[in-house]
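Trainee: Each chain, letter by letter, is given below.
Protein chains: 2
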Amino acid sequence: MATELKNDRYLKALARKPVDCTPVWIMRQAGRYLPEYRETRARAGSFMELCRSAELACEVTLQPLERYDLDAAILFSDILTIPDAMDLGLKFVPGQGPVFERPVKTHADIKAIKRPDMISDLGYVMNAVSTIRKALNGRVPLIGFTGSPWTLATYMVEGGTTKDFAKVKGLVYSDPKAAHLLLDILADSVIDYLNAQIEAGAQSLMVFDTWGGVLAPHDYREFSLRYMQKIVDGVKRDREDGSYIPVVLFTKGGGQWAPLLADTGADGVGIDWTADAAVLRAELGDKVAMQGNLDPSVLYAPDEVIRREVKRVLDAFGPKPGHVFNLGHGIHQYVDPAKVKVLVDAVHELSRN
Amino acid sequence: MATELKNDRYLKALARKPVDCTPVWIMRQAGRYLPEYRETRARAGSFMELCRSAELACEVTLQPLERYDLDAAILFSDILTIPDAMDLGLKFVPGQGPVFERPVKTHADIKAIKRPDMISDLGYVMNAVSTIRKALNGRVPLIGFTGSPWTLATYMVEGGTTKDFAKVKGLVYSDPKAAHLLLDILADSVIDYLNAQIEAGAQSLMVFDTWGGVLAPHDYREFSLRYMQKIVDGVKRDREDGSYIPVVLFTKGGGQWAPLLADTGADGVGIDWTADAAVLRAELGDKVAMQGNLDPSVLYAPDEVIRREVKRVLDAFGPKPGHVFNLGHGIHQYVDPAKVKVLVDAVHELSRN
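Protein sequences appear in the order of chains W and U.
According to the working numbering, the first sequence holds residues 1040 to 1392 in order.
According to the working numbering, the second sequence holds residues 1040 to 1392 in order.
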């Protein structure tokens, strides 16, 4: 599959093979900072309608590729498609973010969860994947993605976004069996989901563990890492056609756990900007590819500072194969799109020598 | 000064001397989880009026000591007293937190900042310190505190709380000279502030670097750590009466930087619950005392789980002198006050052997 790609830098880097220059993509690259995205988003009506329309999801996925020399496309979808398919009543409330009308509160609520069907419930995501893959026509690889079980569980139990994670941690501490049951159901659903994305045409996968970093080290191992291990083991990375689908794990705020993530057997580990890339690369060597880790706020800086900070990140990861350049978190809404061109071009130019 | 204390466990632990059991205090121990606090707060009118009244600030400072066997009291005040005294127009907006009407935006704004006078502008804090110290009457030591220069700067530049720190990082990247000038002014003011608190009767000091953890490692060194170093160097810890005022630095989300904080010469380093206490204690040895680090969410758990998790933290810090038990962050508003008794008693009981 990789052979038909016109640009396979991203997959080569994940395989720790030499590349002509460092590949780069940007978390949330199809997003609100782009005026053309906001135009399509307005046309779609709601955010979930944008996700549910394969044509519109494809349109916004390709938008940043028209502007920038990016080395990968990422499926446009929401992190909460799986909980949404579990009938918790997902709504997006302006200024408040995602809200579940029927959050998961008790062991009985968890037992009653229905494991989503990848065709009848989540077929719209697979349609988007195959539509985007076709439209890309081998230009760059397509990344599929999911939230981690722990991250999905936080939204399901809290009923939305939270600052202190009181409810989901309350569940973890007062009824760990119920928490594990929920995480097991989610891990199984995520495996189904990622395997279906591979069938539909995803050429690489990202697992976003957005909220693993709010856990104590032993709780991280037990309630987040363990279920990402299950996903790494359950995703069919070796395809019958001989292609290989690499998996990247990213725990925001989890730089200290990068060695544990590498031990799962994942192909890549993402780190945010608070992690010390040079130290981690020295420690992990060739074991795993690494993705990151520019502070998204650098995109508010003058062009020459962006270039300087790009160089700092490239130098930290070093010349050894296996670095995918990215921000340490999603691009902010108020970034000037012109700055992203400075960033992407700087990554290619400064890494070419 | 320490000799007249009836309970000096806290100061002994910070001096890395043996104690009969591990001292414990709780960040935000005088706070909204206590009904008696809410009653006093309602009587005061506004939050800042509560801070400005030495009598009421004293009343709420002592409230948790009546309920729990705590080993230290901490001055009740706000983290933003210094920026407030710089005439930025601090307001507390319900549901939104602190808001500055005149945030700092430009180099010119920073040059115009007036360094607060510790008597005319911040005398009310010193009155509170001396009033509380007198009321404590040697029962436990009194901790004074400040926000770190970086943390204060984030509020001053952002104009309030923020999720992405876009404005203050924009300043750091686009005009680092202006950022350093602001941080220098703040560090000088913090040094004045802490020395005045010592004169008024503070027996130990905490520097809360609440937002240092949002910085990349090199930015942390340059924009947060550097100014905490200045504070450690500028605070007069050795008093003429022979007493010694220990200083504890705490960067939330900064566990990886605990060794750097220890290198400043501070007496203690606080860590949050995401840090691995056992690893850090092994690395830092007897160089510095350490404070922490129970996840505040454990207080939502059944009593036996609280005791188990207290034991886990005690075991992680180990039997070596120099551990002050605390949460890894402020106590949550919705915690049942009865749970705090379980916690405090467990710390003393389980560490006594």
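Fair warning: there could be bad hints in the mix.
No copy is singled out in the list; a pair is fine if it fits within one copy or between any two copies.
[Said to hold, decoys possible] Keeping only pairs whose Cα atoms sit at most 27 Å apart, straight-line, the calculated DSSO-like set for lysine-lysine is: (1) K1216 <-> K1378; (2) K1153 <-> K1051; (3) K1359 <-> K1130; (4) K1202 <-> K1380; (5) K1173 <-> K1350; (6) K1173 <-> K1150; (7) K1130 <-> K1350; (8) K1144 <-> K1173; (9) K1326 <-> K1359; (10) K1359 <-> K1206; (11) K1045 <-> K1173; (12) K1202 <-> K1130; (13) K1045 <-> K1206; (14) K1216 <-> K1153; (15) K1380 <-> K1206.
Just so you know, these hints were derived from the structure itself, not from any lab.
Keep in mind the model is a prediction, meaning the values are calculated, not measured.
Trainee: Please go over all the hints and tell whether each is borne out by the structure.
Mentor: Checked hints:
For a Cα distance limit of 27 Å, the shortest separation of K1216 from K1378 across copies, 22 Å, qualifies, whereas the shortest one inside one copy, 48 Å, does not. Taking the shortest Cα distances, K1153 and K1051 never come within 27 Å of each other, neither inside one copy (38 Å) nor across copies (56 Å). In this assembly of identical chains, K1359 and K1130 lie within 27 Å of each other by CA distance neither inside one copy nor across copies; the values are 45 Å within and 51 Å between. Taking identical chains as interchangeable, the C-alpha atoms of K1202 and K1380 lie at most 27 Å apart only when they sit on different chains, with a minimum of 25 Å there against 33 Å within one chain.
In this homomeric assembly, K1173 and K1350 never come within 27 Å of each other (Cα to Cα): the closest approach is 35 Å inside a single copy and 56 Å across copies. Taking identical chains as interchangeable, the C-alpha atoms of K1173 and K1150 are never at most 27 Å apart, the minima being 39 Å within one chain and 57 Å between chains. For the homomeric pair K1130 and K1350, neither the shortest alpha-carbon distance inside one copy (41 Å) nor that between copies (41 Å) is at most 27 Å. When the C-alpha separation of K1144 and K1173 is checked against a cutoff of 27 Å, the pair qualifies neither within a copy, at 41 Å, nor between copies, at 48 Å.
When the C-alpha separation of K1326 and K1359 is checked against a cutoff of 27 Å, the pair qualifies only within one copy, where the shortest distance is 12 Å, while the shortest distance between copies is 36 Å. In this assembly of identical chains, K1359 and K1206 lie within 27 Å of each other by CA distance neither inside one copy nor across copies; the values are 43 Å within and 35 Å between. For the homomeric pair K1045 and K1173, the shortest alpha-carbon distance inside one copy (14 Å) is at most 27 Å, but the shortest distance between copies (76 Å) is not. In this assembly of identical chains, K1202 and K1130 lie within 27 Å of each other by CA distance both inside one copy and across copies; the values are 19 Å within and 22 Å between.
Taking identical chains as interchangeable, the C-alpha atoms of K1045 and K1206 are never at most 27 Å apart, the minima being 47 Å within one chain and 39 Å between chains. For the homomeric pair K1216 and K1153, the shortest alpha-carbon distance inside one copy (18 Å) is at most 27 Å, but the shortest distance between copies (57 Å) is not. In the homo-oligomer, the alpha carbons of K1380 and K1206 lie at most 27 Å apart only across protomers (21 Å), although the nearest pairing inside one protomer, at 41 Å, exceeds that limit.
The structure does not agree with the numbered hints 2, 3, 5, 6, 7, 8, 10, 13 stated previously, though it agrees with the rest.
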